[in-house]
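Student: One-letter residues, chain by chain:
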Amino acid sequence: MREAAAHAPLRLRSLRWRLLAAVCAAVLLLWLLTGWLSYTQAQHEAEELMDGNLAQSGRLLLALLRDNEADLRELAGRLATVRGAADNIYEPPLEFQIGRADGSILARSEAAPHLPVLGVTGYRDIVREDTAWRVLNVASQDGRYRVQVAQSIALRDRAALEVASHTVLPLALLSPVLIVLIYLSVLRALRPLDRLAGEISARNPDNLAPIPVQQVPTEALPLVGAINRLLQRVARTLDNERRFTADAAHELRTPLAALKVHTQVARLCREDAAREHALRQLEHGVDRVSRLVEQLLRLARLDPLNTLPDPGAVSLHALVDHTLEALRQSTPAAAQRITHTLSPDTPAVAGDADLLQIALRNLLDNALRYSPAEAAIQVAVEDHGQAVDLVVADNGPGVPPDALARLGERFFRVTGTVEGSGLGLAIVARIMALHGGRLALSNRPQGGLRAALCGLKRAAADCARPLSPHAAARAAGGRQSGH
Amino acid sequence: MRILLVEDDPLLGDGIRAGLSLAGYAVDWVHDGGPALAALASHQYDACVLDLGLPGQDGIAVLQALRRRGDLTPVLVLTARDTQADKIGGLDAGADDYLTKPFDLGELQARIRALLRRAGGQAQPVLSHRDVTLDPASKRVTRAGREVALSAREFALLEALMRHPQHIRSRAQLEDSLYAWGEEAGSNTVEVYIHHLRKKLGADFIRTVRGLGYQLGADR
Numbered sequence: 001m002r003e004a005a006a007h008a009p010l011r012l013r014s015l016r017w018r019l020l021a022a023v024c025a026a027v028l029l030l031w032l033l034t035g036w037l038s039y040t041q042a043q044h045e046a047e048e049l050m051d052g053n054l055a056q057s058g059r060l061l062l063a064l065l066r067d068n069e070a071d072l073r074e075l076a077g078r079l080a081t082v083r084g085a086a087d088n089i090y091e092p093p094l095e096f097q098i099g100r101a102d103g104s105i106l107a108r109s110e111a112a113p114h115l116p117v118l119g120v121t122g123y124r125d126i127v128r129e130d131t132a133w134r135v136l137n138v139a140s141q142d143g144r145y146r147v148q149v150a151q152s153i154a155l156r157d158r159a160a161l162e163v164a165s166h167t168v169l170p171l172a173l174l175s176p177v178l179i180v181l182i183y184l185s186v187l188r189a190l191r192p193l194d195r196l197a198g199e200i201s202a203r204n205p206d207n208l209a210p211i212p213v214q215q216v217p218t219e220a221l222p223l224v225g226a227i228n229r230l231l232q233r234v235a236r237t238l239d240n241e242r243r244f245t246a247d248a249a250h251e252l253r254t255p256l257a258a259l260k261v262h263t264q265v266a267r268l269c270r271e272d273a274a275r276e277h278a279l280r281q282l283e284h285g286v287d288r289v290s291r292l293v294e295q296l297l298r299l300a301r302l303d304p305l306n307t308l309p310d311p312g313a314v315s316l317h318a319l320v321d322h323t324l325e326a327l328r329q330s331t332p333a334a335a336q337r338i339t340h341t342l343s344p345d346t347p348a349v350a351g352d353a354d355l356l357q358i359a360l361r362n363l364l365d366n367a368l369r370y371s372p373a374e375a376a377i378q379v380a381v382e383d384h385g386q387a388v389d390l391v392v393a394d395n396g397p398g399v400p401p402d403a404l405a406r407l408g409e410r411f412f413r414v415t416g417t418v419e420g421s422g423l424g425l426a427i428v429a430r431i432m433a434l435h436g437g438r439l440a441l442s443n444r445p446q447g448g449l450r451a452a453l454c455g456l457k458r459a460a461a462d463c464a465r466p467l468s469p470h471a472a473a474r475a476a477g478g479r480q481s482g483h
Numbered sequence: 001m002r003i004l005l006v007e008d009d010p011l012l013g014d015g016i017r018a019g020l021s022l023a024g025y026a027v028d029w030v031h032d033g034g035p036a037l038a039a040l041a042s043h044q045y046d047a048c049v050l051d052l053g054l055p056g057q058d059g060i061a062v063l064q065a066l067r068r069r070g071d072l073t074p075v076l077v078l079t080a081r082d083t084q085a086d087k088i089g090g091l092d093a094g095a096d097d098y099l100t101k102p103f104d105l106g107e108l109q110a111r112i113r114a115l116l117r118r119a120g121g122q123a124q125p126v127l128s129h130r131d132v133t134l135d136p137a138s139k140r141v142t143r144a145g146r147e148v149a150l151s152a153r154e155f156a157l158l159e160a161l162m163r164h165p166q167h168i169r170s171r172a173q174l175e176d177s178l179y180a181w182g183e184e185a186g187s188n189t190v191e192v193y194i195h196h197l198r199k200k201l202g203a204d205f206i207r208t209v210r211g212l213g214y215q216l217g218a219d220r
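Protein chains in written order, with this note's numbering: chain A, 1 to 483; chain B, 1 to 220.
Treat the hints with care, since some could be wrong.
[Claimed, not checked] In silico DSS-like cross-links for lysine-lysine, where the CA-CA straight-line distance does not exceed 27 Å:
#1 Lys139/B - Lys260/A
#2 Lys200/B - Lys139/B
#3 Lys200/B - Lys260/A
FYI, nobody ran anything at the bench for these hints, they're computed from the structure.
Since the structure is predicted, the reported quantities are computational estimates derived from the model, not experimental observations.
For reference, chain B alone in the conformation it holds in the complex (with noise of 0.2 Å):
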């Protein structure tokens, strides 16, 4: 899962990434509203955390110009103002949810696992397919009731093909999930953790689709 983070303080920025990456997710992170705008427009993000006092653009005005131009990436407003006329106006502007600094981590990483959530359209907190199911809030994955150990990245990978169990998602898409600015990806890391994850979940709880990329396989 590859999140935005847009975020002027450096100090309070290093956190977050830091929090965020902990609970497994690939995190970018802008200092401003312009390069939010034009990160957003060219990567595909599953939620950005934005902060609303930034120096040039206001978050207000990113996250506006953000739904004007239709995008629906989920975002989690960040700021310092906690007047009611401050909550509404942010939300009213095209957030998906709220937080008042100073805030805990754990209940950011929870917002974020709800905004996740709604946007797979799913009701359930813990994810689960065929004999699998993965919660993403305690970062387990059990097979038949059976605790299965996952790396972080095979986790990751896993929760981003079951989180949209009908699509394929390519190479490529499945990398952006994995790896923020500045990771390096390996040629062929992909294929390693899928090739991990078949040997631990079943040869064919992930279906190769030729020429596409990756896909669960059918419910049985």
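Chain A with its partners taken away, still in its complex shape (with noise of 0.2 Å):
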């Protein structure tokens, strides 16, 4: 798409010159119309005029041979220095015979095309030894006298083109005049889209406010507005992106600034119990720091999943109980404040039992840990028919209503003083968005934290597989306890 606008030519891709090309082309057509329109016009009018010129000279000569027969051959004579300009187009030579009704010649100019003098009356045009003639045949009232008189239409038809361009060239010399104006007028239009040009690659990648659009031609609102919402979206992307980081830096760089400060302060410590507790703080680092690489790994293999590597039928029943089973295992204590409602007929859903246990574990984890030690913890189920929810709720102090929405965010995390990665949500959603859910959270009105695993499909057949044991070992293994 790139390319081919790239390769296309400048001019095509230019609006200013697409209206300047389509509107010169207008004008100049209609010129060209209106050019041809008035020449033969001008043409026309010319030859209409001629015409009358020549039965004005015929009728001249017939009156001058009334009672004038006698001196015929004088008045040839004489008629022949009344011969226009031979450079004059205007004044054309004037040819003529003059006979008798039987048709002998009287009298005749010397250029005078030899044509019989007896023939219909009225114009003609005839071509006569190479030359091209307008003849007007006249006879006198009385029959007796015939008088032929002849231009050529090679002087005609030169008389009529000068007249005709001396009308047409005005509108010929005027165009380019037209054509300044039209590209001037142009330029002038297209000025506001200059403007706006020049506004947008003025900014620097951290100016992204609206573009003001008080000064915005109407045709270009359309464009603007699409600029601006998209500026918005950048903004909120930069945004994300920004507190991503600083999120990120903040969870990865203080564990390790932990480890740091205690090795240094074992090492200078004298006395035996301080350094004991730097050492023992520093093994919880440790420990923390790996659970935290543990997550970031675990996040990283799903990351680049489009489906669920172990597609199957999991049963509810069978996941809480292996999940709490494994709980119980590793604090024994904590498990206690778990229940469950859940009985052996709970339907079975399509997903990859693996990963929906640990995302179990992290929703139990993150109740055991941010609730108080003697708030109840109860996991249950939705049945919505095709859909079913798995939900773990808490009567814990639940979450401020503007953290809510950030909670599965990387690297998030509502307090800190309560040791997590700020990862486990966000594993939860990306294991969720995996099976086609999502993991929905919300404040309970009773108070605590509601956490759904939300639309888990019914599978196909009610055949629930058994765990794997590698489930249940990873369940077990995968989140230490005791930090």
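Combine both chains into one complex, guided by the hints.
Tutor: So, in structure tokens, the structure goes:
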């Protein structure tokens, strides 16, 4: 797409040039049409004028003829002197023949075409000896005389051409002025677009404020509107990106800083008890960083997946049972706070048993960690027919509403006083996305947080597979307790 | 010297507190912005170490609130954000210094010493009065060129007095700079340490201002 645009001729892509070309072509076409019409009109008028001349000359000759037959020979000679100037096309030489009704010629001009003087009266175009003539025959009223006058058509055409071109010429001379005027108007009309382009290109990447629409021409408003919406989206994305980087830096560097400080404290301490404490903290810090790395790797493995690695029918009852069993083995006291209401005939869902177990375990860990030690945690299934939700609810303090929306974001944590990586819920959200569902978090009206694996699809056949030993092992060992 | 530590991470906070205590500072530790502002309002701290990534109120907001109410306590900002813009933003919000995680404990201590020195208006890193010198970095005190052995508390008390040679410090103020929260001070511990210091540095090195407190003896 961009390649093609880059190779298209510049002038076709420029609105200015397209507008100019279109307007100029239309103006020139109109100009040609007008020119041609004026030209033919002028030619026609000139011919009629010259025809009138011919008729006048013919009737003048007839009038001279009457009662002057004796002087005819002399007349011919005298008439020869009224021939017009050869270089003036508006005074064409008068060629004539004068004859009687019987066809005998009484007088003629020297260059007149040799034509029988008897013929139909009126105008005729005749070619004689390679010359075209416009001929008019007239007869006297008594019928005794005939007069034939002729004009060379070549001369007549030249005159007509001259007249016609004089009417068209001013139009032709004015057309460059017209084109310049068009060019300037187009430039002026498109100036707001140039200004707009200048404003946008002068921006630095940090300035993502919307483009002001007050001075934008109506035609460009949709474009500017679209650009403003895009700017808004980019600003939001950039904002999220910055927040993510800041959160990630905090979550990754804080435990490292703690490791370093405790190491140095251990080295500087002179008292055994304090050194022992620092070393214990150091070990604890290493555990924390290991967990963080584990979760990062888990996310990294989940991220490129488009489909579930091992889809099948998963019994929710077995899933909850196994997860709680694993929890009981690692932290018996904490596991006692968890109750569930699932019966063995709870529907099976389509999914990856290992991943669902990780998701449930993360929700339970969060509930245990972020609610007070006496808070109770309930696991339940909500059946919506085709879709099934697996819900973990606690009666702890819940989550501030503004933090609720960000809760699934990577490295985001609501409170820093409890240790965590800020990745647990991001992993759950990713697992649910792979299952075509979502992680739904809300504060319960009666207090506490409700976290739901939402939109799990009911398995096609109700033949739930038992969890693989591998999955159970991972649930038990994946998240060590005691942190 | 009493320092307020504002750090939400339990592991890092514990480490910093231990590290600063090793250097002889009395450290009070709070986990969030609100308690930090309350602590700064109720106690006179010589310096504050403030983490920017706090859960509730952001560290920058704490800093701005602190400066807005005219509090001049030197603040060293501790943060994971290391871009130029972050540093400039932090300093402009009122921080006196900036340290990026992970950091060296020695550097943290040195920067706090520099903050204390600037706040006390001293150009020299080593404090001296009469023939006694006190080096906050090496924790050594000499009298007429010979080293004097002091306990950590004695050193802290002497440092508090030598930071502001003209000031009269009350017993309560001196106690404040010796003990963090939760550390019980005996009813006459300050008097005991003063007594020890006078024995080691000369009877008239520290003067008792009746009814007010203590002050370094006049320069000879």
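Student: Has the given pair, Lys200/B with Lys139/B, been kept, meaning a C-alpha gap of at most 27 Å?
Tutor: Holds, at roughly 16 Å.
Student: Decide if the proposed pair is consistent with the structure: Lys139/B and Lys260/A, CA atoms, cutoff 27 Å inclusive.
Tutor: Roughly 23 Å between the alpha carbons, so the hint for Lys139/B and Lys260/A holds.
Student: Does the alpha-carbon distance linking Lys200/B and Lys260/A stay inside the 27 Å limit?
Tutor: Outside the cut-off at roughly 37 Å; violated.
Hint compliance for this structure: hint 3 alone is broken.
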